[in-house]
Amino acid sequence: MAAPTPITRIRPVEVELRHLHRRFHDMVAVHDLSLTIGRGEFFTFLGPSGCGKTTTLRMIAGLLLPDAGEILFDGRPVTATPPWHRNIGMVFQNYALWPHMTVYDNVAFGLVERKVARAEIGSRVEDALRLVGLEGLGHRLPSQLSGGQQQRVALARAIVVQPGLLLLDEPLSNLDARLRVQMRNELVKLQRQLGITTIYVTHDQDEALMLSTRIAVMHRGRLMQLGTPAEVYERPADIFVADFLGGANFLQGTVRGRSGDRLVVALETGGANGAAQLHASASRNPGFAPGESVTVCVRPEALELVHDGRAADDVNLLRGTLRLANYLGSVLASEIELPGGGILRAQIAHPRGDARIAEGNPVTLRVAPDDVLLLRPQTPS
Amino acid sequence: MSIPVPQQAPVRAPVGIRWRTSVDPGHAALALVLLLILGVFVVWPIAAVLRVALTGADGGMTLAHLFRFFENPLYIESLTNSLLAGGWVVVIGTVLALPLAFVVARYDFRGRMLVVTLSTLPLVLPPFVGAIALTQVFGRAGTITLLLQDLFGLHVNIMEGLRGIILAQALHFFPFIFLTVTAALMNVDRSLEEMGQMMGAHGWRLLRRVVFPLVLPSYAAGALLTFVKAVDDIGTPFILNFKNMLGPQAYLRITTVGRDDVDGYVICVIMVIISIACVVASNWIVSRREYATLQTGARQPEGGKSLAGWRSSVALGTCAAILGISLLPHLGVIVMSFSRVWSLTYLPSTYTLGHYAEIFLRAPRFILNTLTYSVAAALLGVVVAAAIAYLLQRGRVPGKGLLDAIAMMPIALPGVVIGVGFLRVFYTMTLPGTETSLASTWAIFVLAYMVRRLPYALRASHAALHQVHSSLEDAAAVAGAPRVRAFRRVVLPLIIGGVTAGGVLIFITAAVEFSTTITLVSRIEQSPLSYAIYIYSQSPLGRGAAAALGVVAIVIVALGTYLANRLSGRGRMAFTL
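Protein chains in written order, with the numbering used here: chain A, 57 to 437; chain B, 97 to 673.
Simulated from the structure, these hints should not be mistaken for laboratory data. In this text the structure is predicted, and so the values were computed from the model without any measurement. Cβ atoms here follow ideal geometry from the backbone N, Cα and C, with glycine treated the same way. Possibly wrong hints are sitting among the right ones.
Said to hold, decoys possible - Stretch by stretch, here's where chain B covers chain A in the computed footprint (C-beta under 8 Å, at least three residues):
hint, region
1, 128 to 140
2, 144 to 150
3, 354 to 360
Claimed, not checked - With the Cβ distance kept under 10 Å, some of the chain A side facing chain B (calculated, not the full set):
hint, residue
4, R114
5, G118
6, M157
7, A210
8, A214
9, A322
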């Protein structure tokens, strides 16, 4: 890796949001958002478009004033501090490189504003360009660079000022798929190297899961869940989070009883002779009592194809008819119609030429009790 | 363990948190200043004109003055003449423009680009400049008249009275029709025509049933624009000394009868009504024509069937004949500026540089005045226009659309109306601490020119700023640049070309402005070259000097147009209205 540079002398800040509200006319963009982002964290706001994630980022940057609420950097209120006094770096979705300046001038801009001595500007710009792998391209104009290179210039421009906080607004969305994966890896490496507090905004769950120390899932201006990637994926707080992160099958049911670490849930549909039962792990689904109505959530990849007869003793079986089988190489993306109506989506691993896998055939699926998630039922939005 | 956030019962924001507004105080202050400027220099003069015309003797509102207008035979004649002239200008302009447009849009031939370029020339030259030489070319003893007489034994004097004005304006304004129709013809999707051909229409039927309906809205818009321009133009009637038209009458009432004469204001209101009606109708037609230019997929590159051999010569010949006639007046001005004696001959019999000595050495103040007023108006206009455009696109302040609406108003106002309004409001206003009327200082020209051409500059600024994505400014703010510095280092360098082009447009149009100028001139020392051309042209001995000033105007306009097109980075005319 590159030799230690002044850029690595970054003092990351802690960011705290207190009851942030922001409205655009009648639309509530952000509603009562409170959370704390620790020093050096790679924190991601994840959600569909219009969920308020970019609005939140722009408020943290100071480009937008919250209607109410406070923003604190290291405990110091900065809500009304203009962006130019916040000492942050930001990468915009469209990169926002200044087209009339060379790469060098783009990167040097913030240093000039900070009245850094000319000689030091030169060495720091070079360092920043080297860090993002663009040494020697300082004389080019942004229009003479590829999309990936422009992205790196934007990144160099953001970090050259040694900001305490790096804001990234969907920075990878304009790149093609292969470049996106490469930049993703480089981004995470750079962030670890600099130790800078980073806030990332995206609608791409893969990016969020791979990059983040913690993820805030947002929907319609509200924080739906806050947790590590494993937590939000494996223990989603509600149907929206489960559906948005990875997708899931949702079945209605009632908790019938408990035996040991198993909660027994009776499904409204899906059994061979009408209703079926599923066993769920009680320790993974705390707080559910017998008699309670629940929404059962099963990830498509948690469903496993079993041979008839061989699994007679197993309880967590769902039988149905294969309606759709799309061969994707590593998996078979399929849809199974349950007897009582309703469709299950399943990703069946190792689909190598299995004779039973033909549309129209009856199939049996199994799900491990640890993979059965119980959620409070809610009216689907 | 994760933290599922309870989503029911949203927590209320703690009491004591200030609900902030999203109005930016800086923007609001700027908007107020601009509103004040526009209010004083745009709204007030117009309101003053309206008030005088619509106020009765008892102080109440009345339409009595307007009705009395239609009882005065002179006014009726003036109105008829103005409308007649406008109508004929459209007819003759159509006859000149349509063949040219059709040939240029449909066929490719050698010299095509030259034709396009030359045909826009009359557009940027003020009509009264061409009018200086018109008598010498088409008049009783003019070159063309003599030629016709010697070749065919015909004796016609087409410069008599209203006909001369119609001829001058038609030659001058036909490019408005040419440009709109050419653009529309080029925009007609070829597939629509091919569809028509497959349906069995071809030749004349194809033109009549498919092409004409598609081009008609553009033609109508161009024709209305030509009509407005012709009715508003008072330079040509003055230079040709035919004053029984609306514009000249308004001017004469105000300057000879007095500033309190109601009739002058009434005529102004009539002119404004005609002008607004045409602008509104034109906008309506253009907004309805969306279908005509709708196109998807690949479009045939501009040009069309390429012509070679004799067909090419015919096409070029047609264009050359039309353009030749339309550029004759301006050629005549150039020849005239060097002529000492030009009487009853095709060309001058003796030549001189004396007219240039007159305007550059003996009386250079006309050119100097023009440069001073136009540069000042351009600088002022650019600042105001850029500020309005900025607020409109980036401003966080309510009611900013009002600024735009007011600033665009002068586009529908005849120049003489702006002049009369300025006189009405500022004549009685004295400079602080002196007895000097504001209307008698040269600043009045600067302000009037600025107001009159503000729409051009505003549009140019709009277009320039529109290309600067707001994230470029955000990036500068985040990188540490306060708003003013971000504007200076990022926005300004990016828009300066387009904004300057707008300034150059103000400059060239102000340099040859006539109708507002003649209304506001109070002393000859203050006169810019447009008024000087008029004064010189009224005496037989001064015609040469008038022509020399006309050549200066042509040079200023030509250079300015070239510069504006270079700056705005487009190969086409940056303004057409």
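Hint check:
1. 128 to 140: holds (count 3)
2. 144 to 150: holds (count 6)
3. 354 to 360: violated (count 0)
4. R114: 8 Å, holds
5. G118: 8 Å, holds
6. M157: Nearest chain B Cβ about 8 Å off; hint holds.
7. A210: 8 Å, holds
8. A214: 8 Å, holds
9. A322: With a closest approach of 25 Å, the A:A322 hint is violated.
Hint compliance for this structure: hints 3, 9 are not met, and every other hint is.
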